[in-house]
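Colleague: Based on the provided sequences and hints, a complete structural model is requested.
So the sequence shown is numbered by the working numbering: it starts at 1 and just counts up by one.
In short, the hints are calculated from the structure, not lab data.
Misleading hints may appear alongside valid ones.
Derived lysine-lysine pairs resembling BS3-like cross-links, with alpha carbons at most 25 Å apart [stated by the list, open to error]:
1) Lys-36 with Lys-49
2) Lys-54 with Lys-66
3) Lys-6 with Lys-40
4) Lys-74 with Lys-54
5) Lys-6 with Lys-59
6) Lys-46 with Lys-59
7) Lys-35 with Lys-49
8) Lys-54 with Lys-6
9) Lys-47 with Lys-59
10) Lys-6 with Lys-70
11) Lys-74 with Lys-63
12) Lys-54 with Lys-40
13) Lys-6 with Lys-49
14) Lys-43 with Lys-54
15) Lys-39 with Lys-54
16) Lys-61 with Lys-49
17) Lys-39 with Lys-29
18) Lys-59 with Lys-74
19) Lys-49 with Lys-59
20) Lys-43 with Lys-6
21) Lys-63 with Lys-49
22) Lys-61 with Lys-47
23) Lys-46 with Lys-6
24) Lys-59 with Lys-70
25) Lys-29 with Lys-43
26) Lys-47 with Lys-6
27) Lys-36 with Lys-46
28) Lys-39 with Lys-49
29) Lys-40 with Lys-29
30) Lys-6 with Lys-61
31) Lys-46 with Lys-61
Between beta-carbon pairs, the in silico distance windows are [what the hints assert, rightly or not]:
32) Leu-68 with Val-15: 36 to 44 Å
33) Leu-75 with Ala-10: 40 to 48 Å
34) Ile-8 with Arg-34: 17 to 25 Å
35) Lys-70 with Glu-32: 52 to 60 Å
36) Leu-21 with Glu-76: 58 to 66 Å
37) Glu-65 with Thr-5: 20 to 28 Å
Because the structure is a prediction, the values reported are computed rather than measured.
Glycine included, C-beta positions come from ideal geometry on N, C-alpha and C.
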Amino acid sequence: MKGSTKLIAAAAIGVVAGSVLGLIFAPDKGYETRKKIAKKSNKLVKKVKSGFGKERVVKIKAKLEKKLEKVNAKLEGFANEATEQA
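Modeller: So this is what it looks like as structure tokens:
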């Protein structure tokens, strides 16, 4: 989780730095440059959301499955103890 947070922070810093440099060295007019930045930013946001979203869901699912296995094992242990005591 910490690694993905660092990756997202680094990507955000890169986007900001790239945007600033793009504005400084842009050969186009201001509104054209802003349109280009908006389009590229939207594409990047969509890629990040789709990529990180799927990856995160897979990780969460794996964690939940592990926890469910532990819970099931404990329940089986309790059931075995109850049948032994009866």
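Colleague: For every hint, state whether the structure bears it out.
Modeller: Checked hints:
1. Lys-36 with Lys-49: holds, 20 Å
2. Lys-54 with Lys-66: holds, 19 Å
3. Lys-6 with Lys-40: Holds, because 22 Å separates the two Cα atoms, which is no more than 25 Å.
4. Lys-74 with Lys-54: violated, 30 Å
5. Lys-6 with Lys-59: holds, 17 Å
6. Lys-46 with Lys-59: Given pair Lys-46, Lys-59 holds - Cα atoms ~20 Å apart, limit 25 Å.
7. Lys-35 with Lys-49: holds, 21 Å
8. Lys-54 with Lys-6: Distance of about 18 Å is within 25 Å: holds.
9. Lys-47 with Lys-59: holds, 18 Å
10. Lys-6 with Lys-70: This hinted pair is violated, its Cα atoms lying about 30 Å apart.
11. Lys-74 with Lys-63: holds, 17 Å
12. Lys-54 with Lys-40: holds, 21 Å
13. Lys-6 with Lys-49: Holds, at roughly 16 Å.
14. Lys-43 with Lys-54: holds, 17 Å
15. Lys-39 with Lys-54: Given that 25 Å is the threshold and the Cα spacing comes to 23 Å, the pair holds.
16. Lys-61 with Lys-49: holds, 18 Å
17. Lys-39 with Lys-29: Distance ~16 Å between Lys-39 and Lys-29 Cα, so the pair holds.
18. Lys-59 with Lys-74: holds, 23 Å
19. Lys-49 with Lys-59: Distance ~15 Å between Lys-49 and Lys-59 Cα, so the pair holds.
20. Lys-43 with Lys-6: Given pair Lys-43, Lys-6 holds - Cα atoms ~21 Å apart, limit 25 Å.
21. Lys-63 with Lys-49: With Cα atoms ~21 Å apart, Lys-63 and Lys-49 stay inside 25 Å; holds.
22. Lys-61 with Lys-47: holds, 21 Å
23. Lys-46 with Lys-6: holds, 19 Å
24. Lys-59 with Lys-70: Between Lys-59 and Lys-70 the Cα gap is close to 17 Å, so the pair holds against 25 Å.
25. Lys-29 with Lys-43: holds, 21 Å
26. Lys-47 with Lys-6: holds, 17 Å
27. Lys-36 with Lys-46: holds, 16 Å
28. Lys-39 with Lys-49: holds, 15 Å
29. Lys-40 with Lys-29: holds, 17 Å
30. Lys-6 with Lys-61: holds, 22 Å
31. Lys-46 with Lys-61: The hint holds at about 22 Å.
32. Leu-68 with Val-15: 36 to 44 Å: holds, 38 Å
33. Leu-75 with Ala-10: 40 to 48 Å: Since the Cβ atoms of Leu-75 and Ala-10 sit about 43 Å apart, the hinted range of 40 to 48 Å holds.
34. Ile-8 with Arg-34: 17 to 25 Å: holds, 24 Å
35. Lys-70 with Glu-32: 52 to 60 Å: holds, 57 Å
36. Leu-21 with Glu-76: 58 to 66 Å: holds, 60 Å
37. Glu-65 with Thr-5: 20 to 28 Å: holds, 23 Å
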